[in-house]
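Colleague: Here is what each chain is made of, one letter per residue.
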Amino acid sequence: MELSFNKVDGPMIDGVDLIQYQAAMQSLQVLNCLFCASINFVESSTTYSAPELAFQSALSSLRYGTLPREAVCTENLTPWLKLLPCPEDFRRNAGFELSVTPKRVHAEMETSSSILYEYSIKEYTETEQFDLGLTWKHPIVWYSPHAPLYASRFSMGSGNERGAIAISLKLIQGLVAINNVKERCIYYHTLQLVVDERPQALTDFVERMRVSPSEDKVSPGVMEMVLQCHCEMKSAGFLHIDEYPPDVNQGFGIPSAIISFPDFHDGLQFSDKSRSKSPLLFTELLLVPLTTPDFGMPYNVITITCTVFALYFGSLLNVLWRGVGEEERLLKNKVLLVAGIVVAWQYYS
Amino acid sequence: MMKKKVQWFWTWVLGSVVLRLILLFFPKNLNLSSRPEVSTPLTSLRRLAEGYWLKQSSLSPYAGSMYHGSPLLLTLLGPLTVRRIEGQPDHLLCSLVFVIADVVSAMLICAAGEKLKVAYISSLQSLGLHNLTENSEFLPSGDFAALVYLWNPFTIVACVGLSTSAIENLMVVLSLYGACSRLAPLAAFGWVMATHLSLYPAILIIPVILLLGYGPDAPPRKLFCQRKNLEGGNSIPSDSCSEEEAKNQLKVANVFSWRPVVLFLFWALLWSSYVLVLCGIYVQQYGGLQELFKRTYGFILTIQDLSPNIGVLWYFFAEVFDFFRNFFLIVFHGNILLMIAPLALRLNHRPCFLAFVYIVISSMLKSYPSVGDSALYLGLLGLFAYELKDMQFSFFLFSGYIGVSLLSPVMHNLWIWRGTGNANFYFATAIAYVCLQIILVVESVSAMLNHDRKLTKLYTAKLQNIKS
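Residue numbers (the UniProt record's numbering), protein chains in the order written: chain Z, 1 to 349; chain E, 1 to 468.
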């Protein structure tokens with residue numbers, strides 16, 4: 001399980017990402033308390049998906065979920081930091097090596113786990129200056145001098161109806177892109193591929209593509225493919241009043257798109273070689289305005305609609321019944337006529 | 001005179017086709033395929049294209065929440081959605097299919113109108129009411145209804161806006177034409193396909209059976225019984241030949257013939273089995289027929305999609321609390337079934353008009369209505385122009401339909417695009433539209449019953465004259 005808190009520049013500043021396997025689903029409540037975040041919301045099947053290509057994982061039980069609206073603060077880490085173990089022998093640090101031995105080492109055990117190294121400057125003169133070297137015991141090797149890709153995702157269009165989600169990629173290497181969309185708001189057949197501002201056929205550039213359309217209240221929509229794409233979006237969806245977020249005018253947050261590089265390996269090299277994996281690049285969060293009903297109208301809508309239905313039923317039944325009454329009067333006249341005929345026949349016979 | 005009439009009729013037909021073709025080549029200005037009045041979750045061609053794309057991607061066409069229509073329609077129209085001609089608007093071939101469907105529907109309405117008129121004149125003459133048939137007001141109602149259907153702005157908007165309701169309307173009109181012509185296989189095919197496409201035409205089985213059994217629309221049946229009694233009472237030896245003819249006509253007019261009905265039920269069963277087998281073959285790797293019914297008819301009956309349309313149920317079920325949702329679903333769907341028996345008892349001598357009333361009621365109360373449904377019943381209304389000429393509130397209804405047609409896009413624009421209005425604006429036009437349809441159905445039934453009472457009075461007066 002991997003848990004990350006991201007602070008991304010954009011309209012949605014914070015977000016919580018959670019990559020876990022299905023067996024760890026029961027741990028979400030514990031993580032929820034431990035990190036002071038609404039991680040238990042990821043339990044709902046509408047918030048996590050099962051990508052296959054982006055994370056280079058052979059396990060079929062991989063699940064990926066995000067909470068784009070969750071605000072992130074240092075307080076999220078406070079209960080967790082309190083549980084971290086203190087180094088047993090702080091003189092011999094496991095991470096780095098000091099070139100000058102400190103005179104005294106203070107460990108603040110009661111309040112936090114920080115360590116204070118104390119040096120005396122009086123022993124040094126202008127000719128023999130104080131020089132402290134800090135050396136990592138494990139060397140860090142950066143494979144790439146600069147990022148191989150610049151990624152940006154933005155929404156296009158105007159109004160609340162017609163629009164598009166565009167992901168722009170530059171200096172493309174081999175990569176796998178995933179966009180996790182929560183609501184039914186994507187027409188996947190309108191997917192367009194633009195290379196150097198010219199439309200191209202999908203089959204020329206896309207090696208693999210996997211689409212899982214979103215279904216209302218059941219599962220999010222996931223599209224995994226190679227290279228850039230441009231999908232046409234309809235709207236953020238029309239929801240029941242119970243399904244809107246608390247602040248509807250802020251809009252709906254669409255989680256970040258993930259870009260991974262299968263041909264690259266992570267820049268950091270740890271002593272444990274088995275942790276090598278592809279780096280992940282996250283785009284901005286998208287904020288899509290929601291189309292809202294009037295939340296003060298449930299009673300009015302119910303009464304007006306039921307009145308209209310009662311008007312229809314009553315009027316139509318009245319029209320049908322009115323003729324029946326008239327026919328009964330005609331029948332009564334006929335009965336009286338027959339009775340008169342009988343009386344006359346009796347009289348004249 | 002007849003040649004002039006025929007030429008006049010076909011000139012107007014060609015004019016409507018030319019108008020549609022002109023509108024088809026200006027799609028970017030109109031953009032009607034995304035209007036909520038035209039495209040519903042069931043009739044949107046864009047959702048059909050999405051379903052076809054999912055099918056081509058080895059997924060179920062019903063994956064996600066997009067496509068909820070017929071797999072047969074997907075098979076027929078799906079390949080046309082991906083075939084783009086260079087330099088032409090999108091979905092051009094589908095648009096041409098819808099134009100052809102509109103023209104064929106109009107031709108069938110015209111032919112059914114002719115049969116209705118001939119049968120009605122024959123009925124009036126057999127009752128001795130000759131002066132009514134000689135009246136100049138007796139229009140060629142078939143031609144009139146066909147032109148009303150073709151030139152109705154709702155039909156044109158539904159056709160240009162890429163709505164598959166043109167296909168559904170064609171199937172409904174096909175079943176009515178087959179029933180009017182006593183062609184049981186054709187009526188069964190139309191009824192089965194219409195029910196398969198949108199579920200609500202299932203209630204048309206009652207007028208179709210009445211049409212096949214009793215024949216087309218006629219005056220009230222008791223008038224023929226009175227005439228039979230009168231003919232039986234009088235014995236005039238000099239007119240024995242005409243008496244036999246009158247008795248034969250009475251037999252034909254009164255008896256419910258079961259043979260066409262049994263034939264219709266047999267063919268309906270045959271076509272239903274065939275359609276179910278085809279659908280089963282299509283969706284056997286995507287959950288089978290049970291999943292298909294859940295995605296299509298279950299979607300209709302449970303009103304899962306709360307996108308706005310010109311009905312009132314989308315806003316009702318967006319606002320109603322979840323606890324009462326099932327209760328109101330049963331109430332609103334029961335309202336369609338509740339009026340079937342009273343209308344059938346009262347209007348069984350006029351099966352075609354009964355079908356028209358059923359179509360108005362279902363288009364008013366269905367889950368996802370659109371202007372294509374209005375186009376159908378406004379076209380069929382032209383068939384009864386003679387009987388309904390005394391209908392009240394005609395001008396009010398005409399003005400109301402124009403007003404709602406103009407206000408609905410304005411309210412939608414204020415809500416969705418400009419943000420100066422809210423959902424209640426659009427809901428208000430939907431309420432007004434439903435009220436207009438209620439007035440239309442109530443006043444048309446009232447006018448038809450008044451017409452029958454007028455015939456009864458005329459015939460009673462004629463009988464009085466004969467006796468005196």
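Hints were generated in silico from the structure; no laboratory data involved. Careful: at least some of the hints might be erroneous.
As the list claims (entries may be wrong) - Here are a few chain Z residues that sit away from chain E, every Cβ distance over 10 Å (derived from the structure):
| id | residue |
| --- | --- |
| 1 | Leu116 |
| 2 | Thr292 |
| 3 | Val335 |
Said to hold, decoys possible - Beta-carbon label-pair distances, calculated as ranges:
| id | chain 1 | residue 1 | chain 2 | residue 2 | range |
| --- | --- | --- | --- | --- | --- |
| 4 | Z | Tyr299 | E | Lys462 | 42 to 48 Å |
| 5 | E | Ile330 | Z | Thr303 | 49 to 55 Å |
| 6 | Z | Pro246 | E | Leu345 | 37 to 43 Å |
| 7 | Z | Ala344 | E | Trp258 | 29 to 35 Å |
| 8 | E | Trp151 | Z | Gly314 | 18 to 24 Å |
| 9 | Z | Ala310 | E | Trp12 | 20 to 26 Å |
| 10 | E | Gln392 | Z | Thr303 | 56 to 62 Å |
| 11 | E | Ile340 | Z | Leu337 | 48 to 54 Å |
| 12 | E | Leu338 | Z | Thr303 | 30 to 36 Å |
| 13 | E | Leu276 | Z | Ala310 | 22 to 28 Å |
| 14 | Z | Leu337 | E | Ile121 | 20 to 26 Å |
Keep in mind it's a predicted model, so treat the numbers as computed, not measured. Beta carbons are placed, not taken as given, at the ideal position from N, Cα and C, and that holds for glycine.
Colleague: If a hint holds in the structure, say so; if it doesn't, say that too.
Modeller: A quick look at each hint next to the structure:
With 10 Å as the threshold on Cβ separation, the claim that Leu116/Z sits away from chain E holds: the shortest Cβ distance comes to roughly 57 Å. At roughly 7 Å, the least C-beta separation between Thr292/Z and chain E is not larger than 10 Å, which violates its mark as non-interface. With a cut of 10 Å on Cβ distances, Val335/Z stays outside the contact zone with chain E, its closest approach being about 15 Å. Tyr299/Z and Lys462/E have their C-beta atoms about 58 Å apart, which leaves the hinted 42 to 48 Å range violated.
Separated by about 19 Å at the C-beta atoms, Ile330/E and Thr303/Z break the suggested range of 49 to 55 Å. Between Pro246/Z and Leu345/E the beta carbons are some 54 Å apart, a value that contradicts the proposed interval 37 to 43 Å. Checking the proposed 29 to 35 Å range against Ala344/Z and Trp258/E shows it is violated: the Cβ atoms sit about 43 Å from each other. About 35 Å separates the C-beta atoms of Trp151/E and Gly314/Z, a value inconsistent with the hinted range of 18 to 24 Å.
Range check, Ala310/Z to Trp12/E: about 42 Å between beta-carbon atoms, so the 20 to 26 Å window is missed. Evaluation of the 56 to 62 Å hint for Gln392/E and Thr303/Z yields a failure: the beta carbon distance comes to about 28 Å. Checked against the hint of 48 to 54 Å, the C-beta distance between Ile340/E and Leu337/Z comes to roughly 36 Å, which is inconsistent with it. Between Leu338/E and Thr303/Z the Cβ separation comes to about 20 Å, which falls outside the hinted range of 30 to 36 Å.
Separation of Leu276/E from Ala310/Z is about 38 Å and departs from the stated range, judged on CB atoms against 22 to 28 Å. The hinted range of 20 to 26 Å is not satisfied by Leu337/Z and Ile121/E, whose Cβ atoms lie roughly 32 Å apart.
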